[in-house]
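Sequential numbering from 319 applies to the sequence shown in the numbering used here.
None of these hints come from the bench; they were simulated from the model.
Quick reminder that beta carbons are idealized off the backbone N, C-alpha and C, glycines included.
Be careful, since some hints might not be right.
As the list claims (entries may be wrong) - With a cut-off of at most 27 Å between alpha-carbon atoms, the simulated DSSO-like pairs for lysine-lysine come out as follows:
(1) K351 - K462
(2) K344 - K478
(3) K478 - K501
(4) K516 - K462
(5) K547 - K478
Unchecked claim - Now the in silico label distances, taken between C-beta atoms and shown as ranges:
(6) D363 - S764: 43 to 53 Å
(7) I471 - I397: 14 to 24 Å
(8) I737 - S626: 34 to 44 Å
(9) I732 - S331: 56 to 66 Å
(10) I471 - Q579: 35 to 45 Å
(11) S626 - I546: 47 to 57 Å
(12) I749 - P652: 44 to 54 Å
(13) R645 - I430: 23 to 33 Å
(14) D491 - N611: 43 to 53 Å
(15) L717 - S626: 17 to 27 Å
(16) I397 - E487: 47 to 57 Å
(17) L499 - K462: 21 to 31 Å
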Amino acid sequence: MNYISENDRKLASMLGLGISFDVVRKEIGTNIKGAVYFLSSLVDDLQLTMLNENIIDLDGNINIPTKISNGTVELESDINKVFVSVSTGVSVLISENEMYCIDTRSYPSRSINEPSTEQTIRGSRDGFNENIITNVGLIRRRIKSPFFRCPIISVGDETKTDVSLLYLENRADPDMVNDLLDKLSNTQTKDLVMSDRKLEEKLFKQNFNPFPLVRYSERPDLVAAHLIKGHVAIIVDTSASVITTPTTLFEHTKHVEEYRQAPSSGTLIRLIRYTAILLSIFLVPIWMITVENTDFSSFLLLKPTASSPLSLFAQILIVELTIELLRIATVHTPNHLSSAMGLIATLILGQMAVDIGVFQAEVLLYCSLSSIGGFATPSYELSLANKIVKLSLIVLVGLLGSTGFIIGFGFLIIFLSSIKIYKTPYFYPLIPFNLRELSRIIFRPSIY
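Turn these sequences into a full structure, and let the hints steer you where they fit.
Next up, the structure:
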């Protein structure tokens with residue numbers, strides 16, 4: 319093959335021309351020597367047709383950017399940047415002395431649908447998909463502010479994944495914005511194949527902390543609301559979840575449905591949810607204490623009546639781990655088999671286990687109520703953290719009794735109070751205490 323220039327030869331080698339089936343090189347015109355490179359899997363056919371019509375009769379005396387009517391046309395001299403551009407769907411026109419990047423991108427993506435994990439009875443039905451351009455557009459529709467900013471940064475030595483930081487200049491903390499931009503620019507990683515999760519671990523050192531330090535959402539209206547409050551959003555290309563920060567523990571307990579109903583109805587929903595979250599953590603450990611301690615026997619609603627060859631601690635631990643196993647199995651079970659699996663679990667783990675005397679019926683009841691409370695938690699990440707806390711308390715109570723519960727509860731409060739995300743205390747407004755903000759957390763305030 320006769321190459322037009324050294325850049326032409328280098329780009330062909332970097333893209334794997336002749337090896338990768340979607341790499342296309344077309345020589346153009348008779349009046350000017352040139353070649354166009356693009357990836358057939360990432361270009362828009364209409365944009366490509368327009369480009370072909372524009373460059374078919376190019377003349378050496380014509381200013382190329384003024385001749386091409388496609389979106390963005392940029393002159394580029396760095397062959398490495400040109401390679402990255404082609405890899406993202408941009409077409410490149412190479413002449414003997416110049417290289418032009420022409421925007422012809424069209425990313426494969428799902429249609430815009432309502433997120434299955436954040437559904438509401440009222441309100442918008444659109445949700446993010448895996449296309450970063452679409453996701454930014456969904457937020458721009460809701461925030462038409464002159465202070466809206468969305469710089470984009472390429473992250474990953476191999477993947478060159480696009481990451482955009484969204485914020486309002488007049489509301490977001492400039493120190494936080496600059497720190498995040500600096501971290502994104504200097505992130506050392508080969509890839510971002512796991513996209514948002516891997517980026518989160520790079521930006522926020524979580525280590526062994528089970529509690530979520532950022533909030534994920536697939537709803538544009540929710541992310542827009544966070545931006546207006548001064549938060550920052552991070553959108554990662556190929557991910558349908560958007561990261562918002564800073565966050566608090568109580569931000570993970572809110573749900574958009576509360577704001578789609580009347581304040582009184584929203585408050586009722588919120589109070590029921592808070593009760594469910596507390597029960598998911600503390601119901602089983604406290605019940606264990608009351609059963610083992612005769613001083614609390616008068617307060618028991620249900621006291622075990624049947625005997626079992628296993629201790630109460632062993633029963634609860636086995637049932638809790640089994641419920642978690644069922645949850646994991648349900649995630650990996652095809653939809654048409656999940657009903658059969660649920661039926662088997664109900665018969666074997668429920669009725670048969672009680673009939674043969676392995677488990678006491680009260681153990682299954684309280685563990686089931688606790689698990690239902692976990693499913694009522696809006697944040698999936700928080701529900702998993704609460705599960706770890708509950709299992710830890712169960713072990714402490716099983717080994718040390720009520721003393722173990724006091725130790726575990728005290729450590730939990732101290733640990734949550736020590737977490738701070740960009741000057742924002744994680745346990746706010748409980749610690750530091752703010753009565754006004756706490757009332758807004760407990761009761762859904764009116765919007766006026």
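Quick rundown of the hints versus the structure:
A C-alpha spacing of about 44 Å is found between K351 and K462, which places the hinted pair above 27 Å, so the restraint is violated. Distance hint between K344 and K478 is fulfilled; the C-alpha atoms sit about 25 Å from each other, no more than 27 Å. Using a Cα cut-off of 27 Å, the hinted pair K478 and K501 holds, with the two alpha carbons roughly 15 Å apart. Restraint check: the Cα-Cα separation between K516 and K462 comes to about 31 Å, which exceeds 27 Å; the hinted pair is violated.
Restraint check: the Cα-Cα separation between K547 and K478 comes to about 31 Å, which exceeds 27 Å; the hinted pair is violated. Take D363 and S764: their Cβ atoms lie about 51 Å apart, and the range 43 to 53 Å holds. Take I471 and I397: their Cβ atoms lie about 21 Å apart, and the range 14 to 24 Å holds. Under the hint 34 to 44 Å, the C-beta atoms of I737 and S626, about 40 Å apart, fit the expected range.
Between I732 and S331 the beta carbon distance is about 58 Å. The supplied range of 56 to 66 Å therefore holds. Restraint check, I471 to Q579: a C-beta distance of roughly 39 Å satisfies the suggested window 35 to 45 Å. A C-beta distance of roughly 55 Å is found between S626 and I546, which places it inside the suggested range of 47 to 57 Å. Between I749 and P652 the beta carbons are some 45 Å apart, a value that agrees with the proposed interval 44 to 54 Å.
In this structure, R645 and I430 meet the distance hint of 23 to 33 Å, their C-beta atoms being roughly 29 Å apart. Between D491 and N611 the C-beta distance comes to about 49 Å, which sits within the given range of 43 to 53 Å. A hinted range of 17 to 27 Å holds for the C-beta pair L717 and S626, which are about 19 Å apart. Distance hint for I397 and E487: a CB-CB separation of about 35 Å, inconsistent with the stated range 47 to 57 Å.
Checked against the hint of 21 to 31 Å, the C-beta distance between L499 and K462 comes to roughly 23 Å, which is consistent with it.
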